[in-house]
Amino acid sequence: MGTLMKYEFRKTWKMKGIILCITAFFQLIFSISVVAKSDGWLGLSVTGLAFTAICSVFLIGVHGIHILSRDINTKQSYMLFMTPNSSYKILGAKTLENGLSVIIAGVFYTVLAIADITILAVRYDDVKAFLDLFNVVLKEAGTELTAYTFSLTMIQTIISWVFLISMGYLAVVICATLLLGNRFNGVLSLIVFFLIAFMVGNVSDALQAAVGGFSGIATAVDAVFHIILTAVMYFITAWIMDNKLSV
Amino acid sequence: MQYDSKTPIYIQVINSIKLDIINERIKPGEKLPSSRDLAVQYTINPNTAARVYQELEREGVCYTKRGMGTFVTDDEETIIQCRQEMAQGCLNDFLRQIYELGITKEEAIELIKKTK
Amino acid sequence: MLESIELTKKFLGKTAVDGISLKLEPGHIYAMLGPNGSGKTTWMKMAAGLIKPTSGVVNYNGSPVGVDSRRDVAYMSTEPYFYDWMTIGDVGKYYQDFFADFSMEKYDEMLQDMALEKKLKCKNLSSGMLAKLKVAVTMARDAKVYMLDEPLNGIDLLARDEVLNAIIKHAGEDKILLVSSHLVEELESVVDYAIFINRSKLVGVYEVEELRQNQCISLADKYREVFGSIEMGGAC
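Protein chains in written order, with the working numbering: chain A, 1 to 247; chain B, 1001 to 1116; chain C, 2001 to 2236.
Some hints here could point you the wrong way.
Okay, derived cross-link-like pairs now, DSBU-like style, lysine-lysine, Cα gap no bigger than 30 Å in a straight line [stated by the list, open to error]: (1) Lys11(A) with Lys2121(C); (2) Lys1018(B) with Lys2169(C); (3) Lys6(A) with Lys2121(C); (4) Lys14(A) with Lys2118(C); (5) Lys11(A) with Lys2119(C); (6) Lys2023(C) with Lys1006(B); (7) Lys2119(C) with Lys75(A); (8) Lys2093(C) with Lys11(A); (9) Lys1006(B) with Lys2201(C); (10) Lys2144(C) with Lys89(A); (11) Lys2023(C) with Lys244(A); (12) Lys75(A) with Lys2175(C); (13) Lys2093(C) with Lys75(A); (14) Lys2010(C) with Lys6(A); (15) Lys2201(C) with Lys244(A); (16) Lys2052(C) with Lys75(A); (17) Lys89(A) with Lys2175(C); (18) Lys89(A) with Lys2093(C); (19) Lys6(A) with Lys2118(C); (20) Lys244(A) with Lys2010(C); (21) Lys11(A) with Lys2175(C); (22) Lys75(A) with Lys2106(C).
Hint data in this document are derived by calculation from the structure and do not stem from the laboratory.
Could you build the full structure based on these sequences and the hints that come with them?
The structure is reproduced here in structure tokens:
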């Protein structure tokens, strides 16, 4: 399993390295402009950082789905499937590597965002005033923006994203097996993908409403719900691979 | 080595080894390659190579020392006899072709004498 | 023992392998011969557990091929399959990571024999070099079953000798070797048995020396007879 994950990481490290470089670049500009109080550069770096954060978490996941597709649809599939590893292990390594990457990236950007916002609030009175005002509005809605609530939201987003990736895996595998040779292969699996995503989203919302809105407990419940669903997706996908997949 | 298409490969390899022994390219009593090396040397199947040594042993051209390998016989009689057998084989082939051309044995002898 | 029973594979209405029953025993080298597109590759991929049969089964030592049999089976596909980022050295490391029977020493030796350098990138190799690399890395395993799909394709004469030598050296009492090709003559002296496949069906299994001894006909001539419907040989 460790070996499989090592090679999964080997397939993605280049992209991750580039993302890290871009982040470091914007963070450097941010740090310099905070010290130099250069508003123009500050705006650019904050926009850049936010954009990079969202894009990278998204890209890492999509890239993982793309790699799975390549690993079952091209001749490179032999590299994995001629080794004495079951589909459960192969897919498990992919899910773990990609899931962990997304989570680590998510946590990294969350911590970075909290740190940078804190710096801004200390350095600029305007920002602090804005955040306070923002919180007044939020309090009306029954919540507020603190490091804690921000983290909770991020955790929820990341975990539901990991679940969506596992669904992407399922869609790719269904395309390569059950729908193989079907003319509407791509469209059909896309429809299935959105249908399940929509249903799960609704159930998740209902669940949260039942537990009582936005809170630590609600987040935990939602996280567990998504983790269980991810596991279910994983087992279904691996089962199909084991029984139906010809590479 | 090129193999002709009608004779079993093991017989062709046997003949080639016998020729080497008769010409003393392989000396009496000399150790022969292992059957795997023989297979590589002649690009033949290892089972064919094993069969080559079985046959050569049966004819007394070779013998096996346990754990040491296969060796060419020291007995010169056997080698001389081997040479005669092969010569006879060549003659038979020659005569068959000559007869097909409608040439008698006597005419053939004359032809051989004239040929330089 | 590797055995296929009534093995059939259909691809979208086209039958690639049609009810082939075949038994391969340890201690022999088999050639799988037939024109391009006759079903050799598909049969091998099913035996390697890469493709699922439509019906029928391939058993290795009595149980269906799958994850466990891959430990013992060294399969070499005819198409290159290495990752783009790999160097020749990386390919060796990959095999070492996944196959307990892989020997890095043997690999180094074979690379040297075939004049391949470890630092070269797979992406930049010529087709001949790739073909040699595939053979080297596959034969560096000490497997129980070797299945080589068209190992002689696209390589020069000298490399052919290397490949044939590697095949001969790996044969053994407990090993099965299966080599597919559409070049009959090249394999004739090396194999004990030849499996003829035509239009997805098994034509027959012939013992090379037996053909010569009893029918006075070479394997190549038998091939011409079977596939070209030309009467050959006969006169012993």
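Verification of the hints:
1. Of the supplied pair hints, the one linking Lys11(A) and Lys2121(C) holds, its CA atoms being roughly 16 Å apart against a limit of 30 Å.
2. Between Lys1018(B) and Lys2169(C) the alpha-carbon distance is near 24 Å, which keeps this suggested pair within the 30 Å criterion.
3. Simply put, Lys6(A) and Lys2121(C) have alpha-carbon atoms about 20 Å apart, close enough for the 30 Å limit, and the pair holds.
4. With a C-alpha separation of about 22 Å, the suggested pair Lys14(A) and Lys2118(C) falls inside the 30 Å cut-off, and the hint holds.
5. Of the supplied pair hints, the one linking Lys11(A) and Lys2119(C) holds, its CA atoms being roughly 19 Å apart against a limit of 30 Å.
6. Between Lys2023(C) and Lys1006(B) the CA atoms are separated by roughly 27 Å; this keeps the pair inside 30 Å, and the hint holds.
7. Taking the CA atoms of Lys2119(C) and Lys75(A), the gap is near 23 Å; set against the 30 Å cutoff, the hint holds.
8. With a C-alpha separation of about 15 Å, the suggested pairing of Lys2093(C) with Lys11(A) holds against the 30 Å cut-off.
9. Taking the CA atoms of Lys1006(B) and Lys2201(C), the gap is near 28 Å; set against the 30 Å cutoff, the hint holds.
10. The suggested pairing of Lys2144(C) with Lys89(A) holds, with an alpha-carbon distance near 24 Å, which does not exceed 30 Å.
11. Taking the CA atoms of Lys2023(C) and Lys244(A), the gap is near 25 Å; set against the 30 Å cutoff, the hint holds.
12. Using a Cα cut-off of 30 Å, the hinted pair Lys75(A) and Lys2175(C) holds, with the two alpha carbons roughly 27 Å apart.
13. Restraint check for Lys2093(C) and Lys75(A): the C-alpha separation of about 19 Å stays at or below 30 Å, so the hint holds.
14. A threshold of 30 Å between alpha carbons decides the hint, and for Lys2010(C) with Lys6(A) the separation of about 36 Å lies outside it, so the pair is violated.
15. Distance hint between Lys2201(C) and Lys244(A) is fulfilled; the C-alpha atoms sit about 24 Å from each other, no more than 30 Å.
16. Annotation: proposed proximity of Lys2052(C) to Lys75(A) holds, straight-line Cα distance about 16 Å (limit 30 Å).
17. For the hint pairing Lys89(A) with Lys2175(C), the CA-to-CA distance comes to about 29 Å; that is within 30 Å, so the pair holds.
18. Proximity of Lys89(A) to Lys2093(C) is assessed by CA-CA distance (about 20 Å); at most 30 Å being required, the pair is judged to hold.
19. For the given pair, Lys6(A) sits about 21 Å from Lys2118(C) by alpha-carbon distance, which is consistent with the 30 Å threshold.
20. The suggested pairing of Lys244(A) with Lys2010(C) holds, with an alpha-carbon distance near 14 Å, which does not exceed 30 Å.
21. At most 30 Å may separate the alpha-carbon atoms for a hinted pair to count; Lys11(A) and Lys2175(C) exceed this at roughly 35 Å.
22. With a C-alpha separation of about 26 Å, the suggested pairing of Lys75(A) with Lys2106(C) holds against the 30 Å cut-off.
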